[in-house]
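Trainee: Listed below, chain by chain, are the residues.
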Amino acid sequence: MADIGQIAVFAAFLICCFGIGAAVFGWRRDAPEFQASARHATIALAALLFAASGVLITAFLTHDFSVAYIAEHSSRSMPAIYVGAAFYSGMEGSLLYWATSLGLLGAAAMISLWRTSRKGSRIAAQLLPGFIACLLAIEAFFTFLMTFVARPFARTAGGVIPTDGAGLNPLLRDWGMLIHPPMLLAGYMSWTIPFCFAIAALVSGRVDNEWLPLVRRWTLFAWALLGFGNLLGAWWAYHVLGWGGYWGWDPVENCAIMPWLTGTAFLHSIQIQERRGTLKIWNMALVTLTFCLAIFGTFIVRSGVLQSVHAFALSSIGPYYFGFLAIVVLVSVALLFWRMPALRAERDLDSLVSREAAFLLNNLLFIAVTFAIFWGTIFPLISEAVRDVKVSVGAPYFQMVNGPILLGIVLLMGIGPLMPWRRATRRQLGKAFLVPVVVALILTGVLFAVGLREAPAVVGVFCCLFVAATIVAEFVQGARARRVGLGEGYVTAIYGLLRRNGRRYGGYIIHLGIVALALGVLGSQVYQQERQVALAPGQSAQIGRYTVRLDDRLEYVDGDRRVDEARLTIAEGGKTLGEMRPNKAFYRGFENQATTSVAIRTNAREDLYIVLTTWDSKGATLLLVVNPLVVWLWIGGVIVLLGTIFTMWPRPVPETVRVTAPVRGEAMAYGD
Amino acid sequence: MGTERMRSAECGVRNTRRFARGPSAELRTLFRLPHSALRIGWILVVFLSLFAFPSFARADALDDQVREISKGLRCPVCSGETVADSHAPISVQMRGIIREKLEAGETKEQIDAYFVARYGPEILLTPQASGFTLGVWVMPVVALIIGFVIVLAVLRSWSRRGAAPLAPDEGAVAAPIEALPADDDARLEQELARFRHGPKTGGGVAG
Numbered sequence: 000m001a002d003i004g005q006i007a008v009f010a011a012f013l014i015c016c017f018g019i020g021a022a023v024f025g026w027r028r029d030a031p032e033f034q035a036s037a038r039h040a041t042i043a044l045a046a047l048l049f050a051a052s053g054v055l056i057t058a059f060l061t062h063d064f065s066v067a068y069i070a071e072h073s074s075r076s077m078p079a080i081y082v083g084a085a086f087y088s089g090m091e092g093s094l095l096y097w098a099t100s101l102g103l104l105g106a107a108a109m110i111s112l113w114r115t116s117r118k119g120s121r122i123a124a125q126l127l128p129g130f131i132a133c134l135l136a137i138e139a140f141f142t143f144l145m146t147f148v149a150r151p152f153a154r155t156a157g158g159v160i161p162t163d164g165a166g167l168n169p170l171l172r173d174w175g176m177l178i179h180p181p182m183l184l185a186g187y188m189s190w191t192i193p194f195c196f197a198i199a200a201l202v203s204g205r206v207d208n209e210w211l212p213l214v215r216r217w218t219l220f221a222w223a224l225l226g227f228g229n230l231l232g233a234w235w236a237y238h239v240l241g242w243g244g245y246w247g248w249d250p251v252e253n254c255a256i257m258p259w260l261t262g263t264a265f266l267h268s269i270q271i272q273e274r275r276g277t278l279k280i281w282n283m284a285l286v287t288l289t290f291c292l293a294i295f296g297t298f299i300v301r302s303g304v305l306q307s308v309h310a311f312a313l314s315s316i317g318p319y320y321f322g323f324l325a326i327v328v329l330v331s332v333a334l335l336f337w338r339m340p341a342l343r344a345e346r347d348l349d350s351l352v353s354r355e356a357a358f359l360l361n362n363l364l365f366i367a368v369t370f371a372i373f374w375g376t377i378f379p380l381i382s383e384a385v386r387d388v389k390v391s392v393g394a395p396y397f398q399m400v401n402g403p404i405l406l407g408i409v410l411l412m413g414i415g416p417l418m419p420w421r422r423a424t425r426r427q428l429g430k431a432f433l434v435p436v437v438v439a440l441i442l443t444g445v446l447f448a449v450g451l452r453e454a455p456a457v458v459g460v461f462c463c464l465f466v467a468a469t470i471v472a473e474f475v476q477g478a479r480a481r482r483v484g485l486g487e488g489y490v491t492a493i494y495g496l497l498r499r500n501g502r503r504y505g506g507y508i509i510h511l512g513i514v515a516l517a518l519g520v521l522g523s524q525v526y527q528q529e530r531q532v533a534l535a536p537g538q539s540a541q542i543g544r545y546t547v548r549l550d551d552r553l554e555y556v557d558g559d560r561r562v563d564e565a566r567l568t569i570a571e572g573g574k575t576l577g578e579m580r581p582n583k584a585f586y587r588g589f590e591n592q593a594t595t596s597v598a599i600r601t602n603a604r605e606d607l608y609i610v611l612t613t614w615d616s617k618g619a620t621l622l623l624v625v626n627p628l629v630v631w632l633w634i635g636g637v638i639v640l641l642g643t644i645f646t647m648w649p650r651p652v653p654e655t656v657r658v659t660a661p662v663r664g665e666a667m668a669y670g671d
Numbered sequence: 000m001g002t003e004r005m006r007s008a009e010c011g012v013r014n015t016r017r018f019a020r021g022p023s024a025e026l027r028t029l030f031r032l033p034h035s036a037l038r039i040g041w042i043l044v045v046f047l048s049l050f051a052f053p054s055f056a057r058a059d060a061l062d063d064q065v066r067e068i069s070k071g072l073r074c075p076v077c078s079g080e081t082v083a084d085s086h087a088p089i090s091v092q093m094r095g096i097i098r099e100k101l102e103a104g105e106t107k108e109q110i111d112a113y114f115v116a117r118y119g120p121e122i123l124l125t126p127q128a129s130g131f132t133l134g135v136w137v138m139p140v141v142a143l144i145i146g147f148v149i150v151l152a153v154l155r156s157w158s159r160r161g162a163a164p165l166a167p168d169e170g171a172v173a174a175p176i177e178a179l180p181a182d183d184d185a186r187l188e189q190e191l192a193r194f195r196h197g198p199k200t201g202g203g204v205a206g
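Taken in order, these protein sequences are the chains called A and U.
Each residue of the first sequence is one higher than the one before, counting from 0 in numbering that gives the first Met the number 0.
Each residue of the second sequence is one higher than the one before, counting from 0 in numbering that gives the first Met the number 0.
I should point out that these hints are in silico values taken from the structure, not numbers from a laboratory.
We treat Cβ as the ideally placed atom computed from N, Cα and C, and that holds for glycine.
Mixed in with the good hints, there may be bad ones.
Reference listing, derived: stretches of chain A covered by chain U, where coverage requires no fewer than 3 residues with Cβ under 8 Å from a Cβ of chain U [unchecked claim]:
hint : region
1    : 27–33
2    : 391–402
3    : 520–531
4    : 563–574
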């Protein structure tokens, strides 16, 4: 049975090789039958990988321990639902997951591109062969790895079939783990689609702005998926890992956020290209960088590289990944140089104070923060390689370096949208900025009077309020314009704005979500309170406004885990609020690795967060944390997600036809 | 032109005269300020009251200091956790040592040095800003400055090419907008620009 899976993977590899050939040949010779063949190869690839994944899932469900991967990552007692987590808990499985989801998404993108070209879009038809060839080349790499290096269907070593598997790491036995890693991996994976579009544009010479509308939705999709994957990771860390925080600037987290940051820069800078025709080279570079960082992130998660350079030699897959990254960079740079004449800027700028300048600054800050994260993440490796001294670069470094840059990005989020394109006059700026700045100053002053004194919090809150005020002002102004013009009420007017100008006002909604998220981060970073207390039953401790009393200890067995629970009563100012039950669980086979279950009491103002650390003869040791505003992090994240979905949603009103000026470099590109 | 008119009507904004901005309109915008400021203020107050003002209190001073120092130390036995956040017995013990040393009057530097002597420089999560590890701090700043210079140079080269064909007077502000792609967004922006310039002066009154 498992052999079928391995055969399917190998067949997928062959199909990739064939498809690349068919796409290139069909394009060079203008042979429609070969082009059709290439399209079919894309679909066949998706089907084969889907089948291989099906085989792996079946092997998990039937406990086929003759397959090494199944024996290493599952056990008979594991509930069937966790097959979802076991699937990608190892290197081979995550490769298969990556390749399969890319196969499906790539086939969907290919079909949509094909349909667009059938409707008469010349650009879609011209991009198609390059897109297919690039997609299949990337898939060829993954299927090659799964066929020759890390085989998901390899037999158990020694030919002895174990009676039971090693089981799944208990940390992964959580519903958050069922969705966070696949979401993150899918987020990495889906940046392949914009990258393939970019390569197709370079190869076909259609590097004008026409490919951007085709790729916009796929880019937003990838951005949302990766962002949501990161958010779920933060949620999981907060609710399961039990250290009181949601983001630890851990290497794996850093690698996950980097492509999201460069992707955000790309989403913004393509707007300049769409509007003004400039920054073509930069955008190509950004999408390539994002794709490379996504590949880097995928690889980092499963290798021990970042713990030590020496782990690199141990990982069988490392050299292949770095070879692949090198090829991606080389090919992209070569293509960029080849198309350089066609990539020249078309339009010019009138003033340094303009929307374009704000966008460039935004790009600069996103790249700067990405660089700082990257540098901090690899610095221990550099130190070890250069002087053989291990150093650590941890959360304090990242907070100190990234904090101000991120704050700058938040501030720009308010400034950018108020800047007119091309040129801003002092009078325009005064009018646009006066009200939001005054409002933000007044409100920050009020908060200062109430007791907001920490400098980072004051500055941060001012930036957030300023951005919120600009967004509200934009909505009010837009709605008022419609009200005056169409006589609509405010609610109808705002609905009309969203419906007719979804991109712009959807963007504002996303920005508003980011503001809420930033407030959550500020509150919990600056005003977190934490105490570690040892309580005997009947004793109580104070944290913030809360009194926590230990009632008793509860021990019980639940399935294949033993649970050790503390029952606590929470009171505020003499008034009982309720009960909280943090616990520790020990899974069979993993007795020395306890999983914590955090008890959290959430309201709009703050989270009371309690972790059971240890039990001894006298009582319990508890970690008590008050995390202000954390709930706004999750709310903000969901707003961002909804805003993105809204922006991507196909609108009933057809987009007005754009008249694009003829591209100067085009003739040259075709003449090649 | 006809379709353009239709579109702007669809977008719902009255075709106000672009340059109808006399001193009186100017004054009116000035006077309108407190009103709209108040409105936006109210919306924000509602938004803020959702937060119901988090408690700005801080934990007691010694707790804070222990936390501050232990946040800067890597838990020697866990992967990627700080001494402050780790539940490992050694971290609990280290927090106890920090507390004792603080009570004995030692400074953060002394305590850090104590742990470095015991566990090596790897124990510090914040690399020292001296010697080789200075590089980790300096490079991002250098990169930011270089990037800023590049951005400035790019903007300057663009603006040198772009400034010539346009007259530097006020009238040029609105004119280039006409040249933008005629999609909804640009149209709306244009209308908003007009609206901002003089919303109440439309309808031919000021014309």
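Trainee: I'd like to know which numbered hints this structure contradicts. Please list them from smallest to largest.
Mentor: 1 and 4
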